[in-house]
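Enquirer: Chain by chain, the residues run as shown.
Number of protein chains: 2
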Amino acid sequence: MMSRWIRCVIAVSCFSFTAASNAGNGASELAASPELPRQVILIIGDGMDDQQLTIARNYLVGASGRLLLDTLPLRSTSQVLTIENEIGGKPVYVADSANTATTMATGVLTSRGRIATTVGDNQPIPTIVEIASAAGYKTGIVSTASVTDATPAAFATHMSLRLCENPETMLGVTYKDIFLGNCLGERKSQGGPGSISEQLASSALDVILGGGMKHFAMPIEGGTTAVVELAKSHGYQLVTSTAELQSAGTDQRLLGLFSPGTMPVRLRAQNGRSAEEPKPSLLHQVHRYLGEVTLPAAMNCEPNPAFAKVPSLKEMTDAALHQLSQDNTRGFFLMVESASIDKQAHKRKPCGSIGEVEQLNEVLDSALTFAANNPHTLILLTADHAHAAQIVPNESLYAKYTIPVYTPGKLARINTPEGAVLAVNYATNSFPYEEHTGASVPLFSNQVGVGLVPAFIAQADIFHISRTYLNLDP
Amino acid sequence: MMSRWIRCVIAVSCFSFTAASNAGNGASELAASPELPRQVILIIGDGMDDQQLTIARNYLVGASGRLLLDTLPLRSTSQVLTIENEIGGKPVYVADSANTATTMATGVLTSRGRIATTVGDNQPIPTIVEIASAAGYKTGIVSTASVTDATPAAFATHMSLRLCENPETMLGVTYKDIFLGNCLGERKSQGGPGSISEQLASSALDVILGGGMKHFAMPIEGGTTAVVELAKSHGYQLVTSTAELQSAGTDQRLLGLFSPGTMPVRLRAQNGRSAEEPKPSLLHQVHRYLGEVTLPAAMNCEPNPAFAKVPSLKEMTDAALHQLSQDNTRGFFLMVESASIDKQAHKRKPCGSIGEVEQLNEVLDSALTFAANNPHTLILLTADHAHAAQIVPNESLYAKYTIPVYTPGKLARINTPEGAVLAVNYATNSFPYEEHTGASVPLFSNQVGVGLVPAFIAQADIFHISRTYLNLDP
Numbered sequence: 471m472m473s474r475w476i477r478c479v480i481a482v483s484c485f486s487f488t489a490a491s492n493a494g495n496g497a498s499e500l501a502a503s504p505e506l507p508r509q510v511i512l513i514i515g516d517g518m519d520d521q522q523l524t525i526a527r528n529y530l531v532g533a534s535g536r537l538l539l540d541t542l543p544l545r546s547t548s549q550v551l552t553i554e555n556e557i558g559g560k561p562v563y564v565a566d567s568a569n570t571a572t573t574m575a576t577g578v579l580t581s582r583g584r585i586a587t588t589v590g591d592n593q594p595i596p597t598i599v600e601i602a603s604a605a606g607y608k609t610g611i612v613s614t615a616s617v618t619d620a621t622p623a624a625f626a627t628h629m630s631l632r633l634c635e636n637p638e639t640m641l642g643v644t645y646k647d648i649f650l651g652n653c654l655g656e657r658k659s660q661g662g663p664g665s666i667s668e669q670l671a672s673s674a675l676d677v678i679l680g681g682g683m684k685h686f687a688m689p690i691e692g693g694t695t696a697v698v699e700l701a702k703s704h705g706y707q708l709v710t711s712t713a714e715l716q717s718a719g720t721d722q723r724l725l726g727l728f729s730p731g732t733m734p735v736r737l738r739a740q741n742g743r744s745a746e747e748p749k750p751s752l753l754h755q756v757h758r759y760l761g762e763v764t765l766p767a768a769m770n771c772e773p774n775p776a777f778a779k780v781p782s783l784k785e786m787t788d789a790a791l792h793q794l795s796q797d798n799t800r801g802f803f804l805m806v807e808s809a810s811i812d813k814q815a816h817k818r819k820p821c822g823s824i825g826e827v828e829q830l831n832e833v834l835d836s837a838l839t840f841a842a843n844n845p846h847t848l849i850l851l852t853a854d855h856a857h858a859a860q861i862v863p864n865e866s867l868y869a870k871y872t873i874p875v876y877t878p879g880k881l882a883r884i885n886t887p888e889g890a891v892l893a894v895n896y897a898t899n900s901f902p903y904e905e906h907t908g909a910s911v912p913l914f915s916n917q918v919g920v921g922l923v924p925a926f927i928a929q930a931d932i933f934h935i936s937r938t939y940l941n942l943d944p
Numbered sequence: 471m472m473s474r475w476i477r478c479v480i481a482v483s484c485f486s487f488t489a490a491s492n493a494g495n496g497a498s499e500l501a502a503s504p505e506l507p508r509q510v511i512l513i514i515g516d517g518m519d520d521q522q523l524t525i526a527r528n529y530l531v532g533a534s535g536r537l538l539l540d541t542l543p544l545r546s547t548s549q550v551l552t553i554e555n556e557i558g559g560k561p562v563y564v565a566d567s568a569n570t571a572t573t574m575a576t577g578v579l580t581s582r583g584r585i586a587t588t589v590g591d592n593q594p595i596p597t598i599v600e601i602a603s604a605a606g607y608k609t610g611i612v613s614t615a616s617v618t619d620a621t622p623a624a625f626a627t628h629m630s631l632r633l634c635e636n637p638e639t640m641l642g643v644t645y646k647d648i649f650l651g652n653c654l655g656e657r658k659s660q661g662g663p664g665s666i667s668e669q670l671a672s673s674a675l676d677v678i679l680g681g682g683m684k685h686f687a688m689p690i691e692g693g694t695t696a697v698v699e700l701a702k703s704h705g706y707q708l709v710t711s712t713a714e715l716q717s718a719g720t721d722q723r724l725l726g727l728f729s730p731g732t733m734p735v736r737l738r739a740q741n742g743r744s745a746e747e748p749k750p751s752l753l754h755q756v757h758r759y760l761g762e763v764t765l766p767a768a769m770n771c772e773p774n775p776a777f778a779k780v781p782s783l784k785e786m787t788d789a790a791l792h793q794l795s796q797d798n799t800r801g802f803f804l805m806v807e808s809a810s811i812d813k814q815a816h817k818r819k820p821c822g823s824i825g826e827v828e829q830l831n832e833v834l835d836s837a838l839t840f841a842a843n844n845p846h847t848l849i850l851l852t853a854d855h856a857h858a859a860q861i862v863p864n865e866s867l868y869a870k871y872t873i874p875v876y877t878p879g880k881l882a883r884i885n886t887p888e889g890a891v892l893a894v895n896y897a898t899n900s901f902p903y904e905e906h907t908g909a910s911v912p913l914f915s916n917q918v919g920v921g922l923v924p925a926f927i928a929q930a931d932i933f934h935i936s937r938t939y940l941n942l943d944p
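The listed protein sequences derive, respectively, from chains D and A.
Under our numbering, residues 471 to 944 are what the first sequence spells out, in order.
Under our numbering, residues 471 to 944 are what the second sequence spells out, in order.
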């Protein structure tokens with residue numbers, strides 16, 4: 471059955487696309503000079519909703535300050551959509567990074583955990599990277615996660631399950647004896663594309679930068695050479711340090727892998743703390759109107775020493791922009807992800823998320839500088855889904871009621887440089903990792919996007935707008 | 471000490487204001503025809519952050535549908551700022567409706583609980599309603615709350631404590647024997663302005679519509695006549711039903727009071743349900759990896775019968791627009807609040823909040839229709855602060871781990887018309903009322919606002935933009 475819901479999605483998508491095509495400055499600029507080199511820089515803050523942005527703003531520049539992204543001329547809303555894993559399936563109201571990255575990369579909705587494949591029949595969906603590359607554009611992906619992680623993977627590979635990042639996990643992934651899935655039918659030996667790292671190693675990407683060496687260090691399926699050697703055989707130069715990154719030549723395509731898995735984050739709480747449970751007194755456990763509660767002590771954020779040993783996201787982005795723009799008269803598509811806004815939120819570590827929003831703003835600075843020198847540069851900055859963290863009152867709105875009022879979840883109280891205490895709540899579950907949440911998310915753009923990006927879009931329109939801007943519409 | 475933070479606020483405010491004055495269509499239109507009647511319609515969804523908007527969108531029009539507000543051409547972000555109750559005080563990261571309404575009504579930051587008064591020395595701050603009224607504009611406030619409640623009150627009255635809504639509460643407010651405050655020094659007998667209802671009764675407002683009859687039914691301070699009689703003596707006609715509202719003449723100012731306190735909401739859950747605690751099995755209480763959990767049964771939203779007995783927010787708005795535009799060559803300022811998005815969220819009642827977002831969209835429809843016939847109409851639609859509700863996965867992201875994964879807070883699972891289950895979490899505290907949260911909030915505008923409203927503003931700029939649009943700058 472073709473459901474009413476699916477028809478709605480198509481209609482909405484067309485609507486936005488029409489709006490983008492018909493509107494103001496950007497569109498006319500596009501029509502006037504289609505021959506010029508042009509580029510799209512898509513910056514994704516994983517899990518970066520307005521709670522995360524406000525947490526970071528409060529800490530980094532003060533409650534009344536402005537992040538660089540706040541100064542962009544265009545703010546829109548991206549409608550995050552997910553569907554069940556069957557054709558004609560119902561909507562699912564909370565996404566994961568695999569299906570949202572798929573939507574941004576392909577314009578097609580899919581189910582949680584999928585990497586650029588369709589629901590139900592598991593067909594590969596062409597990505598903006600593949601389309602742009604085939605048309606002669608250079609392409610790149612940069613992430614603070616493993617480059618095989620869901621967000622970067624969905625721009626250049628295809629898989630039914632995001633966990634199949636390397637040849638070994640294709641056979642099955644277990645965690646504490648719990649079986650989480652496999653991708654047996656997608657192995658090369660079964661006529662499939664092979665694992666995500668193998669697909670990246672033989673992809674058309676010009677630049678791949680991030681973490682995830684462990685997924686490239688193991689042997690290719692049915693062979694003895696490492697996946698990284700497969701990449702070299704396809705013309706990639708490998709760099710593994712900041713120095714190597716910055717001295718890399720532009721005569722070969724660039725694969726940079728700077729950590730075994732996710733790259734170290736910039737900030738952490740002292741003593742490695744995360745949000746903690748408030749501790750009610752014994753009397754309060756007897757009756758909720760009695761006794762008192764001890765909230766977690768306020769924490770300071772501090773630099774994470776491990777961060778100094780890897781390139782920053784900005785350094786990776788600068789290298790990518792240098793590589794992609796060198797001797798390039800056509801242009802490029804570059805996706806840059808600040809991944810650990812999300813990963814640190816899952817772990818209830820707000821200092822970590824704050825530092826990764828800071829990294830994202832530094833990437834924006836690089837992108838704006840590049841755009842200042844290369845005017846046909848569309849910058850889109852967005853999140854993929856909302857997340858668990860909430861700013862809650864450090865002093866309850868009900869403090870006068872003289873009874874303990876506190877979250878049933880976990881709480882971090884952060885000393886901010888402006889001398890106040892920022893309280894952040896995580897309470898979507900009691901599992902070791904918090905859940906995502908379902909709100910629509912921010913989308914920002916530079917002046918080039920004004921007239922191209924309406925005030926409200928479906929997340930799939932990020933693909934459509936990018937494709938249109940690069941003159942790649944079919 | 472004048473803190474660095476306060477200086478930042480002023481600088482930021484000026485920045486936005488300059489941006490608004492210098493920019494595009496709206497500004498030039500303003501300069502070209504200052505003599506025309508013009509109006510500002512400020513629509514406030516109390517507590518209406520992107521989680522609330524997405525909850526309502528999912529339920530009312532489906533996950534891929536569009537609310538009317540989604541079709542507005544301009545989306546901006548409003549930076550919510552609160553300060554401690556002392557001059558030079560530090561920022562407070564979560565607001566209440568009193569201080570945020572004060573900021574929107576006056577352009578000045580204040581502390582939680584304050585109604586258009588300054589921190590520390592408790593001085594009244596001129597409001598946009600007072601400034602516009604003094605300049606010959608008509609003015610109105612409409613709310614589904616008591617008209618004496620924080621948001622409407624802050625546009626036309628002044629008080630140190632929002633609870634002092636009537637002559638009796640001026641003497642002190644207690645709740646279950648807990649003393650919450652008084653306003654003794656602000657009584658008329660002490661040279662003060664008197665309670666909020668008394669101030670409204672003698673205000674310059676042309677239209678006051680909403681709930682709150684109980685605050686007008688009691689005797690004025692030191693007298694025996696009811697506050698509502700004071701209002702009549704100041705030239706207000708009183709209406710108390712939809713029929714009376716719709717047949718009210720325009721020869722007298724209009725006071726409509728349609729319920730004792732907050733007006734009934736449109737939607738409720740069957741059996742009056744709210745979000746409920748998941749119920750872990752005994753085995754799960756022994757160890758978190760064992761046993762199972764029973765989530766609250768999915769609920770249906772249904773019409774609240776009491777709602778049919780009062781005018782809708784749209785009906786009140788239509789009456790207000792009729793009153794304010796009649797024989798008016800100058801223009802008007804109208805504030806319309808959908809109050810119970812917030813009040814129902816405090817009570818963990820998502821069906822209730824959804825219906826009030828629907829009411830707000832109907833108000834927008836009226837405002838857009840009015841603007842279509844009266845082109846110099848600036849519509850600003852925003853929230854005052856973020857709130858507790860979060861859309862969480864109905865099926866956990868960690869469902870494969872085969873252990874119970876569920877929120878430590880309270881959960882509502884709503885059957886949506888498109889056939890899925892929308893899970894909404896409330897977990898900021900275990901008190902009978904949830905907390906607000908601290909994210910920045912959405913701000914939307916019609917075409918008139920394009921060029922006047924930047925992509926990111928301080929909440930105080932809502933005052934500045936309104937004042938500029940009405941040619942009221944000093």
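Source of the hints: derived by calculation from the structure; they are not laboratory data.
A couple of the hints might just be wrong.
Put simply, identical chains are the same to the list, so a pair is met inside one copy or across any two.
[Unchecked claim] Capping the alpha-carbon separation at 20 Å, the derived lysine to any residue pairs in SDA-like fashion look like this: (1) K658 with M688; (2) K560 with E888; (3) K784 with T799; (4) K658 with F901; (5) K646 with N843; (6) K817 with D943; (7) K817 with P507; (8) K870 with E556; (9) K702 with D647; (10) K646 with E762; (11) K749 with F901; (12) K749 with A776; (13) K784 with L708; (14) K658 with N592; (15) K817 with A674; (16) K560 with G535; (17) K870 with Q917; (18) K749 with P594; (19) K560 with R536; (20) K784 with K870; (21) K658 with E888; (22) K749 with S900.
Enquirer: So, for every hint listed, does it hold in this structure?
Expert: Going through the hints against the structure:
1. K658 with M688: Only inside one copy: K658 and M688 sit 16 Å apart there, 81 Å across copies, limit 20 Å.
2. K560 with E888: between (47 Å within a copy, 8 Å between copies)
3. K784 with T799: neither (24 Å within a copy, 56 Å between copies)
4. K658 with F901: neither (36 Å within a copy, 56 Å between copies)
5. K646 with N843: Neither: 51 Å inside a chain and 66 Å across chains, both beyond 20 Å.
6. K817 with D943: Answer is neither: 41 Å inside a copy and 49 Å across each miss the 20 Å cutoff.
7. K817 with P507: neither (42 Å within a copy, 55 Å between copies)
8. K870 with E556: The answer is between: 18 Å across copies meets 20 Å, while 52 Å in one copy does not.
9. K702 with D647: neither (35 Å within a copy, 76 Å between copies)
10. K646 with E762: Intra 38 Å, inter 18 Å, cutoff 20 Å: inter-copy only.
11. K749 with F901: Both: 18 Å inside a chain and 16 Å across chains, each within 20 Å.
12. K749 with A776: For K749 and A776, neither the intra-copy (32 Å) nor the inter-copy (42 Å) Cα distance is at most 20 Å.
13. K784 with L708: within (19 Å within a copy, 63 Å between copies)
14. K658 with N592: within (16 Å within a copy, 74 Å between copies)
15. K817 with A674: neither (34 Å within a copy, 54 Å between copies)
16. K560 with G535: Close across copies (14 Å), not inside one copy (42 Å); limit 20 Å.
17. K870 with Q917: neither (48 Å within a copy, 44 Å between copies)
18. K749 with P594: neither (50 Å within a copy, 41 Å between copies)
19. K560 with R536: between (39 Å within a copy, 17 Å between copies)
20. K784 with K870: neither (46 Å within a copy, 36 Å between copies)
21. K658 with E888: neither (56 Å within a copy, 40 Å between copies)
22. K749 with S900: Classified as both: same-chain Cα gap 15 Å, cross-chain 13 Å, threshold 20 Å.
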